[in-house]
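Undergrad: Here is what each chain is made of, one letter per residue.
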Amino acid sequence: MSEEVLQQATPGLIPGSGTARAAKPTRLSPSFISWLQAGPMMLVFLAFFLIPLVFVVIVSFWDYNEYQLLPAFSGRGYTDTFEGCIAQLPDLCTIGKTYLKTLNLCFMVWAITLFIGFWVAYFLAFHVRSKTWQMGLSLLCTIPFWTSNVIRMIAWIPLLGRNGLVNSGLMKTGLINHPIEWLLFSEFSVVLALVHLFTFFMVVPIFNSMVRIDKSLIEAAYDAGATGFQTLVNVIIPLSKPGIVIGSIFVITIVMGDFITIGVMGGQQIAAAGKIIETRVNALQFPAAAANAVILLVITFLIITMMSRIVDIKREL
Amino acid sequence: MREGRPRSFYVLAIFFAAYVLFLYGPMIAIYVLSFQGPQGGLTFPMNGVSTFWIAKLFQGTGIVDLGAAFRRSLLLGIIVMIVTVVLSVAAGMAFRRKFKAQSILFYSAIASLIVPSIITSLGISLEFRIIDDLIKAHWNENFETSMGLLTSGLGAHLTWTLPFGLLIMFAIFNRFDPRLEEAARDLGATPWQTFRHVVLPIILPSVIGIGLFGFTLSWDELARSSQAIGAVNTLPLDLQGLTTTVTNPDIYALGTVISAVSFTVISLALGTIHMLNKRQAAKGSDAGKGLV
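If you read the sequences in order, they're chains A and B. Going letter by letter, the first sequence gives residues 1 to 317 in my numbering. Going letter by letter, the second sequence gives residues 1001 to 1292 in my numbering.
Bound conformation, chain A alone (with noise of 0.2 Å):
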């Protein structure tokens, strides 16, 4: 028994070990053990995500009818999604304004979202001295994240509807005499519910940032004489920039494919870069659908690529 103990201890100690090794079972070899471990994930994200992308990049070069895929090498995908591009110009075509629309959107939550979640972030990581507070607070931004969204979103139809609190307040103060008729099912309140959403996706990797940066920089910074809103430009954000990037990189990819905040949000009305691949698959017209779905994917990796080369993402994790 102790010499077993000892043999795994301190293997090659012992004489003639090498027998007693032959002896027991043979011993799983660290890298067979590695891919068991891992192989399972491997697997799913190879069925459920891989192939399944490389079938997206390949439908969308398929031809279609109205009501099958026909497997047969056709750019009809991409023509029907792009045309009269080139006949309209200067003016831009259907999808060329979809995706400004897109991008447009895109930068509005991008800029507000950044912009509370880095002020939240800063409040938990910076004034929020004990560790039990901090917990707790980070909890209470986290909570909301593990609830269903399409609630979320019909959580403002009582507040901003054509009689809903923020109208019927304003009515009854005087300061309106006609319910406002933006507030729903509009650019604003698409807008409204995006930040609402996901602003928790910026808040995460910022605070982990910030809570990494060496208290005793700030103190230094102080000493030299630097204010506060120099230590913030030249030290605090410098160095939460890799949470920035992070934050960013999801705000953004979520909002490029959303289209079920778009669609509930703004009542169905506003075009946008995922409701086309939605609409394209309701028609059935697959390939079209994936044809829009590779567009997608190549404008959201080029930001993505953009993006990352502020910042070495592997790194920061």
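Hints in this document: simulated from the structure, not taken from any laboratory. None of these values were measured; they are calculated from a predicted model. Among the clues, some could well be false.
Claimed, not checked - If you want a taste of the chain A side facing chain B, the calculated C-beta under 10 Å gives, among others: (1) Arg27; (2) Leu46; (3) Phe49; (4) Trp119; (5) Tyr122; (6) Val128; (7) Cys141; (8) Ile154; (9) Gly263; (10) Val281.
Glycine residues also receive a C-beta, built at the ideal position from the N, C-alpha and C atoms.
Got chain A; can you put chain B on it based on the hints?
TA: Positioned in the frame of chain A, the structure of chain B alone reads:
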């Protein structure tokens, strides 16, 4: 002695409070409104207080077959939770050593997290359509479809929950002291015993956190389910379908019931985590107690 709070503290505290109000205010509004009286409408003021709309949901005479969708979502959520926990812990252990394909798995997980959901969902639906066509062409002409809740639907949800699980495992093992395992090994524990009696108890609170993510993300999942779930609907899909047609508080009642499940699961998980942490603090270490 504590320094006085700077003025920026108060400004940011108000900002933070406003953010929390912004987060919770609208949700609370619909929870309250789901207790409208039978004559109540979609907005305030309340027209009496009753459980009329919630009762109506459970009678099955309401807007959707709530019971069936509820059971489907619950089943899927529980399976997703179990698979997410097991695969994440296993893969998390693997990442503590170097192995080939490590960066492939890492980048797959990150890509799965940030590739827009509609693309993943479309891809899975295309994949299953093509599989169906192949089966029909080569084996069984009467074959219906391989798409379903526990095939394509399960896969779609896992592409969303597993990256979170893996990232949480990274966070756990970043602050895990490997000397504890060495100590167990030195005392003669087999790798499995080391995992079962040393590693697992220490990481258990965070593992429950992974389960919490697994269940709640699946329970509320929408974008990935939209194309990949097959013929049946999950609860969030039914709820989304209602947003364009409903004119009475049914929809709030449904929202409240779905949230009630979420909040139950969240409190159970957080309660367990808290209990485990307390137990660990009380009994985890016998340092300084000497030999008995």
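Undergrad: Restraint: leucine 46(A) near chain B, CB-CB cut 10 Å. Satisfied or not?
TA: 8 Å, holds
Undergrad: Using 10 Å as the Cβ threshold, decide whether isoleucine 154(A) counts as touching chain B.
TA: 6 Å, holds
Undergrad: Can you verify the interface hint for valine 281(A): is its Cβ closer than 10 Å to any Cβ in chain B?
TA: 6 Å, holds
Undergrad: Would the stated hint for glycine 263(A) survive a check requiring a Cβ distance to chain B of less than 10 Å?
TA: 8 Å, holds
Undergrad: Using 10 Å as the Cβ threshold, decide whether phenylalanine 49(A) counts as touching chain B.
TA: Interface hint status for phenylalanine 49(A): holds (5 Å vs cutoff 10 Å).
Undergrad: Do the numbers back the hint for arginine 27(A), that is, is its least Cβ distance to chain B under 10 Å?
TA: Result: holds, 9 Å to nearest chain B Cβ.
Undergrad: If you take the shortest Cβ to Cβ gap from tyrosine 122(A) to chain B, is it below 10 Å?
TA: With a closest approach of 7 Å, the tyrosine 122(A) hint holds.
Undergrad: Does cysteine 141(A) hold up as a contact with chain B if the rule is Cβ-Cβ below 10 Å?
TA: 7 Å, holds
Undergrad: Against chain B, run the beta carbon of tryptophan 119(A) and see if the smallest gap drops under 10 Å.
TA: 6 Å, holds
Undergrad: Can you verify the interface hint for valine 128(A): is its Cβ closer than 10 Å to any Cβ in chain B?
TA: 9 Å, holds
In summary, the structure agrees with every hint in the numbered list given earlier.
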